[in-house]
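**Student:** Sequence:
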Amino acid sequence: MIGKQEIMNFSREFGLRPDIIEKDYVLGWLLAGIFNHSALKMKWVFKGGTCLKKCFFETYRFSEDLDFTVVDPEHIREEFLKNAFAEIAAWVYEQCGIAIPRDAIRFEVYENPHGGHSVEGRIEYRGPMQQRGSLPRIKLDITDDEALVLEPIICKVHHPYSDSPAEGIQAQCYAYEELFAEKIRALAERERPRDLYDVIHLHRHSDINPDRSLVATTLDAKCRFKGIDVPTVAVLENKPERVELESEWANMLAHQLPVLPPFDQFWQELPQVFAWLSGDAAKIESTPYPAQAGEDLAWRPPS
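Residue numbers (the numbering used here): 1005 to 1307.
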């Protein structure tokens, strides 16, 4: 396990709290453990903001949860999950010394709003910061109630810490176009700050040029699966959640970024996203937000 000083060094470089850096470090090793587990390796598909941060863009918000779609409904069982993660915890401890007590591994299966089954997991850990009192924890969202439209891909996990395994860390992930489509669908359903942030960043990022038609057809398939209309700018602007989205912007995102851009800067770019998605406009190569100290600008996602 890396030392506390390495966490503090990254904290200063990125301008983020030490506990956020420590969690990012632990997330990397949890992903390594999941991909190392024979029953989970090819049946769990990584998605969401943490997938974007760890597998596509190093210079991104520090997302804090792990989101997965699983392709085996037998994995949506509390007993299975507790046993699997007890094995993962033992492997992680052996590899790097991060301690995950067995009684700190909790999973709750629930019926989601669409009538399917999902799981919320909570995993507590003792990492380099060696906090006293209650342990920090990582949240997992797991479901088999999701349309997996495109073939998953194997990605390298960005883990910039000194104890990174020589062979690196990998994860099975949503294809980039599916991540993009899923974020647009999520923004339409719940209008959360992180979804708006992610949609705009995916659109404006110049390093990856997604297949527009593939994003559009994937979004259509995902909306049909959820029983909702494909979103438009007008629909998003008129949703009652719009006011809360703006009011929660800083509260939900400020701790994940060294500098949080203003809400209006992101909201005003939505028409450009939907114009590109419909084929009415080319993807605008926007000027990236200024790089922050400590960002690894040389790193690029694997081809």
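Calculated from the structure, these hints are not laboratory results.
You may find that some hints are simply not true.
The calculated EDC-like cross-link candidates involving lysine to aspartate or glutamate, where the alpha carbons are at most 16 Å apart (straight line), are [said to hold, decoys possible]:
| # | residue 1 | residue 2 |
| --- | --- | --- |
| 1 | 1160 | 1023 |
| 2 | 1008 | 1023 |
| 3 | 1047 | 1149 |
This one's a predicted model, so the numbers in the text were calculated from it and none came from an experiment.
**Student:** Give a verdict on every hint.
**Tutor:** Hint check results:
no., hint, verdict
1, 1160 x 1023, "violated (24 Å)"
2, 1008 x 1023, "holds (11 Å)"
3, 1047 x 1149, "holds (14 Å)"
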